[in-house]
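A.B. asks: Once you have looked at the hints, place chain B on chain A.
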Amino acid sequence: MRKLDNRTYIILLAVSTIFWFLFNKNIQIHLSVALNALLLVYIKEHNKAIKFVITYLTMVILAGLFANKIALMYIILNMLARSIPLVMVVTCIIVGNSSELMLSLQKIKVPKPIIVMICILIRFFPVLSKENIAIRNGMKARGLFSNWKDFMRNPFLVYECFMVPLIIRCIKLSDELGATAELRGLNADKKRTCIYEVYFGLKDICALAIYGAAIGLIYFGV
Amino acid sequence: MIKFQNVFFSYSDGDSSIKDITFSIKPGECVVLCGRSGSGKSTILRTISGLIPVFYEGELKGKVEIDRQIPAELDSEERANLFGVVFQDPRSQFFMNSVQDEICFVAENIGLSAHEIRQKLDEIVGVVGIEGLLSKNIDELSSGQKQKVALASSLILQPKVLILDEPTSNLDEDGVKVLIKIIKKIKDRGISIIISEHRLEPFNEVVNRFLYIDRGMLRKVWSKEEFESLDNESLSKLGLRPKTINKNTKNKKSNDLILDIESLSFHYKKTKLGIDDINLKLYKGEVVSLLGNNGAGKTTLCKVISGLLKENGGSIKYRGKVANRNLRNKFCYFVMQDADYQLYSDSVVSEISIGKKITEKLKKDMVDSLDAFSLNELKDRHPASLSGGEKQRVILAAAYCSDADVYILDEPTSGMDGDGLHSIIKWVKLLSEKGKIVVIITHDSLLAEATSDKFLYLEEGKQIKEGKKVLYEYN
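Residue numbers (full-length UniProt numbering), protein chains in the order written: chain A, 1 to 222; chain B, 1 to 475.
Hints listed in this document are in silico derivations from the structure and should not be mistaken for laboratory results.
On a predicted model such as this, the values are computed, not experimentally measured, just so you know.
Any given hint could turn out to be false.
[To be verified] Subject to a maximum C-alpha distance of 30 Å in a straight line, what follows is the list of computed DSSO-like cross-link-like pairs (lysine-lysine):
#	chain 1	residue 1	chain 2	residue 2
1	B	Lys317	B	Lys426
2	B	Lys361	A	Lys140
3	A	Lys190	B	Lys426
Next comes chain B alone, as it looks inside the complex:
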């Protein structure tokens, strides 16, 4: 079905490439591509779908065949019929405003009749389980719902190949479980599925093979059983996420109470959703993980703490005094999930110092932070030219140089490989050692377990559970 034979590709702009890749995937098989960020996984997906070399230019050698056709030679209609593709960020693949229109979009483009489209729509909506969403506006949906809509849109024509690029990066634990169920159903229909992913464990239920890609080459092929037998040390050496992680060695926490949150509540005017009656005490050097499904209120809580939103009730005391929004904005530093929104300058060095008065102390801090976050080699690069992980490092380095006492990290390991996970753990510890409070919004239980002293589980804006047991229940 999918055949790669000695495939080489290099981008015309000299970006990463793939070398001598050979594999095949039969109908109804599910294969997961794994490896470090930048190893060439996405390049392989683009080659399968024919976007390479049609959309992304470069030199392609070797034989690529999908259902006995050469993807690069297909026209737009043939490509739409053969492939269903879901990108890492489904937001960027939506053309229409409503869910129903979005799902039908591809079928309308290739000229199917309205009757045929409606039949296909009914079928696929049932498979993916989004009957209740059809009339909704796409912008109103949660990340998990958007992922489902993207899946339905890519499956409506019943393609022979489904390509998923890091499908779990924006999903919570429940969302991942639902995704696996859908993949099972799709597999049973004889569709070949190829997935690029860093969180590998959840796919054990559906995967036939794992292909390990390293620096553009296919280094290893594991069956499900072989992958299960790999230990944490082997996985970490390969840059993959470990299955379990060493538990947190206590952070340098003191009894110095920095932040005292009492009965905090906030509700959005439009949706009336938000947070209710949150109580939390944070001490110097403490690391806390906020857990809970998408939409539980984790980010909202952190936006209120950091002064991006004004509370409706309750109080936040900073070093014993009630802190208003402006003050909170000064002692909090919020690192958003998408680093692109927080990079403004033309070099890494000026990014770290932007908006700050240049003093001897700042100069020293900058040297320390470039060292601590391994940015010395990148210091003159434009932040936009960096990879996702590198961008995050720049923001963390800027945070390191700030005078803030509370650091909030929103899903810092989303879309990160094993090396990225270990680096984040190291940097969180670094901040904690400096006496900073670190609040981590995460679905990543490995990160939470490795870094945190305190765990808070939110559900529908309410503080449901606390303590380490939350972590095991969450899993």
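Isolated chain A, as found in the complex:
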């Protein structure tokens, strides 16, 4: 079954961002998390839907616990929780096919440098998380900060030890990626093609209509 067109997700992101600014009750945010979880389930990303819902609930509960004790923690957790509905829609785009995304963005006349930047960013997320794990393992392997006590005792040193190799790896990766881009036609003047067919169909229109109606109902009805 074909998932929705990326242009649909982009419109959904725009719509949910507008309503995100308009929502002024907590229940509206709760319901938009539920709505976006349904969207993730629809595109067969069940695990991600469950993870987001659990993360959201955890943050809301923690924010509640901190509410009358540490105001700063309450604000931070609340802000993070509130951003989850938007992250859920962005996830719909990220988990899809990069090649299709590039074509969809090209069809809506997004400039090529921005398309390339978005796709490299999407590729970079999993790479960065792997780099983080490798750095953490590298520290442990040298016997540095092997337990949480060491972490807590030297927070600035730990930060430095994470950031230095991460920055060096990122510079190295971006340098090599830049060289590869030059050799793999990424800067070619030709219009980019795609081996997949990308079209905006009835399914997309229905999805937009249902999502629009649901989010409208959340805003006006609650």
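C.D. replies: The following block gives chain B in isolation, referenced to the frame of chain A:
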């Protein structure tokens, strides 16, 4: 086809350069560039592909022609059509998430139709032999599979020149054999192939000439036959890896049992892969080589030994007592393949002492280690500014100063020249003489033969064979 005539280049940041290089390569020829690390091999590859001076700035003099075109004057599309390039670490050249998308990426960029791309995809997938991988996510692949995908991606447009930068550095013996087979097929299609490499022997089957580069200059050109006739002494003098190596003179091993591994097993939750029923006894001063193909479980075993992973079954006894993860983490020191992940400080000296309490003993050890690993001249440099071999030396020097009893080296000679190989052999012996146990994860049979007392061959997580005969069978 490829013509270099009196080519000079120096990087604008004053890095290494090439001087007065002249050679030519005909269609269907395979040429291997060899020489010490930092001799200018990669600079030559970058000049051929036009990345010099377009991407890497500097002063270029002389005449470079590829298929009667000047590479620096080509646009992105022409460059993509003319060259296929595979870098040393294929991970850094992937843009897409799935194998199929990655291979088609360049063809899509230059605007070929979907029908044309599919035809080219089918063809190249057959040549490289990755039919079963098309729908896979790139991050799920092994090093060898990634190398094949990188090759297919660079060959889909049927370029006239294929450039490979140290293609064997992450491959096991089987992976190298497959790579040679693919190169043979590509050669038959009339594609010129230029390779920068330290492991030269495997390329004898396909190479037309070896070009020896030294301090930026082309010093020698050998035919296949001439290269075969070079003896180990000549190769070592030139900084190249020898063909064979003097066997290990026994390490100062004692009967003091330090580590006793019994029925050790570990499985990753996601893939269910891992290690099963590993048994190993390690004595003070002993050096052991872990051999086996990529994915056999060598690194996993060492991660469990060093406490980076928790075993699912079996036990590890340290000096007669069962050791938990935390304790193992204290008596093991794991030197990873990529040194960038293990360097955190702003100078070599502070890198060696990072996380340690400064005592008189440590100060003495630091002086000794700077001496032993020839780091005195580099002691104030930022570790990030060092070459790959120098970075590894810094980590080994830090290891030398630690109180660990077990040192694990993951592919220490990967991407290293002959001098690097000899240095690692020397340092392993140094650690062994200090009474340390050294476990080496390697595909490098020369290193294993020159350093080790014990050999362990793993296959699909199982301990298949032991003893020195493993080494000869592995070759």
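A.B. asks: What are the numbers of the hints that this structure violates, sorted from low to high?
C.D. replies: Hint 3 contradicted; others consistent.
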